[in-house]
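S.K.: Two chains, two separate frames, one set of hints: put the complex together.
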Amino acid sequence: MAATPTTQNLPTVTAYELKLAWPLGAFFIVFFLAPLVLLFIVSLYTDTTMTHFGLTQYAKFLLDPFSLKVLGATLWLGVEVTALCLLLGFPLAYVYLRVPGWAQSVLILIVLLPLLTSVVVRTFAWIVILGRQGIINTALLELGLIDSPLRLLYTEGGVIVALAQVQMPLMVLPLITALTRIDPNLADASAALGAGAWRTFWKVTLPLTLPGVIAGCLLTYAAALSAFITQTLVGGGQMLFMPMYLYQQASTLNNWPFAAAISFIFLVAVFAVITVFNMLGKISQGYANA
Amino acid sequence: MQGFRRRMTAAPSTGQSLVIDAVTQRYGAFFAVDHVSLDIKAGELVALLGPSGCGKTTLLRIIAGFILQSEGHVVIGDRLMDGLPPNRREVGIVFQNYALFPHMTIADNIAYGLAARGVAADEQKTRVKDMLALIKLDHIADRFPKQLSGGQQQRVALARALAVKPNILLLDEPFAALDKNLRLDMQIEIKRIQRLAGTTAVLVTHDQEEALSMADRVAVLNAGRLEQYAPPTEVYDAPKSLFVNTFVGTANTLPGKVVALNGEATVALDIGGDIKTRAPTVPVAVGDRVTVCMRPEHLRLADSGEGIAGIVEMGLPLGPSIVHEVRTADGRALKVTEPRAAGAQPRAPGSAVRVRTVGANVISIFPAAAA
Ligand SMILES: Nc1ncnc2c1ncn2[C@@H]1O[C@H](COP(=O)(O)OP(=O)(O)OP(=O)(O)O)[C@@H](O)[C@H]1O
Ligand SMILES: [Mg+2]
Chain A
18 MAATPTTQNL
28 PTVTAYELKL
38 AWPLGAFFIV
48 FFLAPLVLLF
58 IVSLYTDTTM
68 THFGLTQYAK
78 FLLDPFSLKV
88 LGATLWLGVE
98 VTALCLLLGF
108 PLAYVYLRVP
118 GWAQSVLILI
128 VLLPLLTSVV
138 VRTFAWIVIL
148 GRQGIINTAL
158 LELGLIDSPL
168 RLLYTEGGVI
178 VALAQVQMPL
188 MVLPLITALT
198 RIDPNLADAS
208 AALGAGAWRT
218 FWKVTLPLTL
228 PGVIAGCLLT
238 YAAALSAFIT
248 QTLVGGGQML
258 FMPMYLYQQA
268 STLNNWPFAA
278 AISFIFLVAV
288 FAVITVFNML
298 GKISQGYANA
Chain B
1367 MQGFRRRMTA
1377 APSTGQSLVI
1387 DAVTQRYGAF
1397 FAVDHVSLDI
1407 KAGELVALLG
1417 PSGCGKTTLL
1427 RIIAGFILQS
1437 EGHVVIGDRL
1447 MDGLPPNRRE
1457 VGIVFQNYAL
1467 FPHMTIADNI
1477 AYGLAARGVA
1487 ADEQKTRVKD
1497 MLALIKLDHI
1507 ADRFPKQLSG
1517 GQQQRVALAR
1527 ALAVKPNILL
1537 LDEPFAALDK
1547 NLRLDMQIEI
1557 KRIQRLAGTT
1567 AVLVTHDQEE
1577 ALSMADRVAV
1587 LNAGRLEQYA
1597 PPTEVYDAPK
1607 SLFVNTFVGT
1617 ANTLPGKVVA
1627 LNGEATVALD
1637 IGGDIKTRAP
1647 TVPVAVGDRV
1657 TVCMRPEHLR
1667 LADSGEGIAG
1677 IVEMGLPLGP
1687 SIVHEVRTAD
1697 GRALKVTEPR
1707 AAGAQPRAPG
1717 SAVRVRTVGA
1727 NVISIFPAAA
1737 A
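Those protein sequence lines, which keep their order, are chains A and B. Going by this note's numbering, the first sequence opens with residue 18, and the numbers climb by one from there. Going by this note's numbering, the second sequence opens with residue 1367, and the numbers climb by one from there.
Careful: at least some of the hints might be erroneous.
[Said to hold, decoys possible] Quick list of the computed label-pair ranges, beta carbon to beta carbon: (1) B/I1506 to A/S135: 52 to 60 Å; (2) B/I1506 to A/K299: 22 to 30 Å; (3) A/Y111 to B/L1682: 51 to 59 Å.
[Unchecked claim] Straight-line distance between alpha carbons at most 27 Å, and here's what the computed DSS-like set of lysine-lysine pairs gives: (4) B/K1512 to A/K299; (5) B/K1407 to B/K1557; (6) B/K1623 to B/K1642; (7) B/K1495 to A/K220; (8) B/K1642 to B/K1606; (9) A/K220 to B/K1491; (10) B/K1546 to B/K1502; (11) A/K220 to B/K1512.
[Unchecked claim] Which chain B residues face chain A? A few, computed with CB under 8 Å, are given here: (12) A1430; (13) P1452; (14) G1479.
Calculated directly from the structure, the hints in this document are not laboratory data. Cβ atoms here follow ideal geometry from the backbone N, Cα and C, with glycine treated the same way.
Isolated chain B, as found in the complex (with noise of 0.2 Å):
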């Protein structure tokens, strides 16, 4: 047993694949996840965004083995995980409040990990090292956790996971306690991090800024359910629902009827006028009603013309873009984004715009949600 310890945590540095497939976590009868299929490649960051009560945490406590699903299978590398506790599963995870252990030092705390595997006392401390080297904190290693500033509890919670080098890194909303500038420091921190250990890593989040920087996909998450899992910018760039294209990013909605579908798609919107926009990724016919969703900057304001007609409201500039809000006919908000040029202002409230799209390409149609 010891022996075969000693030789699982001395192997190469790099991660597994997980494979989460069909799981499905019920209590009563509420899907806290709902048939969930992930394949997530080894030494890829995968981030699960979606609304609080999603079941981001559920997943992660799933893939962790503090959960056992109620159906559906979890794989790392080419082992069935379903059974298995937590102690064997050899997943590394960060807590949102760190969980460190407040009786230890620093350096007990990472090393708590190799102590529990049965490495050898020298080697504890070689590692132990190592990872105070890599989060920046060895001239504190004897300090204990109270006596640390959020960033450093953040980072050697990261360090105590990392240090058995785990087979998967689970991340809990890390980044919740921490006050902005300091996210983003610990979000490239830790991506840094990640990159050089090569860890295969989940990160739960519901902040949709952080799941696109940091993630190489990302799962979008709705009630349980998974809406979409592509790169962050496929998921920005051509959301496959609704749920996508307002929860991630913002898009202004426009109710109308599809009219023409030839490869592109025609909407008559209901405040009048036509609009082109791609083809939509659920299927619809000609006749069916329909959201169009356009984002804030896929969007332009001109004084006359063909286009939505609307009456500015408020013109913000803000440094590289101005922002326009537009109060359409039948009152509506639309959010505009645009470029600005040096010396450019904001159009004065009350003035009257048309509001065009930049292009067909950029706009997305969802069925309307049957009311």
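For reference, chain A alone in the conformation it holds in the complex (with noise of 0.2 Å):
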């Protein structure tokens, strides 16, 4: 919100949010940027002893193929994700409008039960599902549908599966909102002009949902990509994540510097994404709104 001064009172709002805004702004600088930077500071040491400066732990990240499938396959697992929880979160969020009161409030009670819940307790929740003795194999080989257990856990799929689950509320919740804010007469009058179920959605529903996908969209990738403990427990040891990656770097092999400029590499490559995210999102703003 660009604020255009057009009477003499509004400099004093500013300056009042200015001054709110300053405990949250010192909190940020003391626990977020300052270690950011003592972050970048160490990314820049050539050694595990940190004595010389230099570029050589970007440099070896980015002429390691290893290293860069690792990235890919993050950033490809966040897409996924994103996807799953667009694919399942859209229709959910739609039904969740044209139902009767107290099935919304189910609805948003089932939606919100993993925000509710611990991720510890969630992910181990997972493996008791996905697991060879799991709740899935057993059925299935109880109705006889399969004859030998089936690896769902420690997939791809099973870490899709999971995450996208517990990433839910992120999608559902901006998409709902968006979906309140579109006029039901605009369905209507779709209809009213000859338009069929499909091309109401297609032609008005969608593109005045936009922000709202773009909200939720965002939201997952970055919590998907970030999270740390679900990767890892339903992904297990032959899936590397970054998480993973610059945890192991830190931890076990202690290589510091390394660490940290996989941290650098993963937030720059995220911001790309997300920046991307956030342009679709300003264009379909204008679109919705104009």
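M.R.: Here's what the structure looks like:
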């Protein structure tokens, strides 16, 4: 919101806003910005004992196919989780607006439940569901649909599903907000003009929901990338994603400069993806609110 | 399908007739619309007039197909509409809040229905251009709805509905959001466009002036029931019920008892004196209690002689007319509107007057509500 001062009072209001922002600003500077600067300095050391400065850690990562593969796999994992959340979340949000009040409460509770449970508990629940002797395999075996247990745990599919469940509220809530803001008369107007349900959805509902879609995708994507516990526990040892990769470098190998460099490259990569998302959001917002 | 649609939209633009046959909408035990029957001729503009909550919107949504009525039938032209979804009814609708698509330009809004019907792109373009010319907005075709004034948005909503040449045009309180001056302009404008397009139109309103000035016929609704369906002048001059008499225009009401019936009626007023009225539209017998309805412009003041005695409370010179409020012996206020001669001043408050009617043929009586 660019404030164009038209009256005398506006500058005072702005001054108030700045004052009120100070506590949070100070908190961020001390606990976020300062550590980040420290981290950046650490990433500039060439050796693990941190004596010489140089860009070798960055070169090491960017020239190493293995590291690049981990980065690529992580960014792609986020895309897959986001896509699944959108695919499942949109119909859910759509249904939410069309059911009576009591059903809305039930749906919202189901959607919010993951947020009310600890990450570790949720993740272990998924292990119980996906494991060799898990609920799915047992059920399928009992029904005689399979002869031997399927491999569900420690697969990328397993990680995607578990992450999608955990991040679902971040997708569904913005979608519900966006859908709620659409005037119900628009769908009626569309129908009266001869459009069927699909046309109304593609031409009216979806375009007007785009800001919510973008917001939901942004949140889901960022959360899926950094979901260290779920990635690690459901993914197991074979699958390596950026959070675990840098954790290994820092804690196991004590290679702090390389871990710091990984963090920064990850940060920049995620920033790049989010900026693109954001730009789409801006465009769609102008489009929807024009 | 494609060819069929194109033929349909290319048809001459004259509207279709609309028959509403004993349509009823129940919500539980509550009747939102109660056995309403209307016969609307092609090209006619009918106003649905009634107070808030009387079922106007519900009836409109039934015609459009958004609600499936509990009972009765809707027939457009010679096609029975029951069970047909809104997108297959060829009915245009203008919503109270216009419901323009905010993410589309005006031109795209108007083209929307044409595209939905599979009209060829170049034909869409010419039709959109024609509609923009009709609503005189061709110079801002590329603007978005948010960038328009209320009146302009409304014209776009109208053009969007008319672009597909609907058989019936439905308007749900289309002027409610406009200020008074603009409202009058738009009423004339919509009437002009509707005449020009030859569309059959149903206008929902709770504004009686709007209904009387715009409609060919007015359907007065009360609590889901049709009270009267007649041309505006008839609704005003010969109201069929007490509700219509008091809701459409203003009416002074006085209680009394019928003492004679012979073509006209004679009523003995509770405050004393007899009054002659026209024959009742609802059957009453001699001795029945009735409510006498007198429009202010059908009353005259005199200094003495016959008439209802009263004291002037207030006099307002309104240019072409003078309005007096007269307090009768039992405390009722009577409004009297008289033509004003040049230089005429209102009577002084406190002066004693007699209120007379201009003639029996304009005074109505209705059976008194059983209290
Ligand atoms: N879905 C519904 N369930 C129950 N009652 C309803 C429903 N829709 C409408 N009603 C009731 O039906 C009656 C008629 O409603 P409607 O909207 O047709 O009124 P209206 O004449 O358009 O009023 P207004 O001038 O205020 O718009 C109202 O009393 C309303 O409360
Ligand atoms: Mg209404």
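S.K.: If any of the earlier hints don't hold here, list their numbers in rising order.
M.R.: Every hint satisfied by this model.
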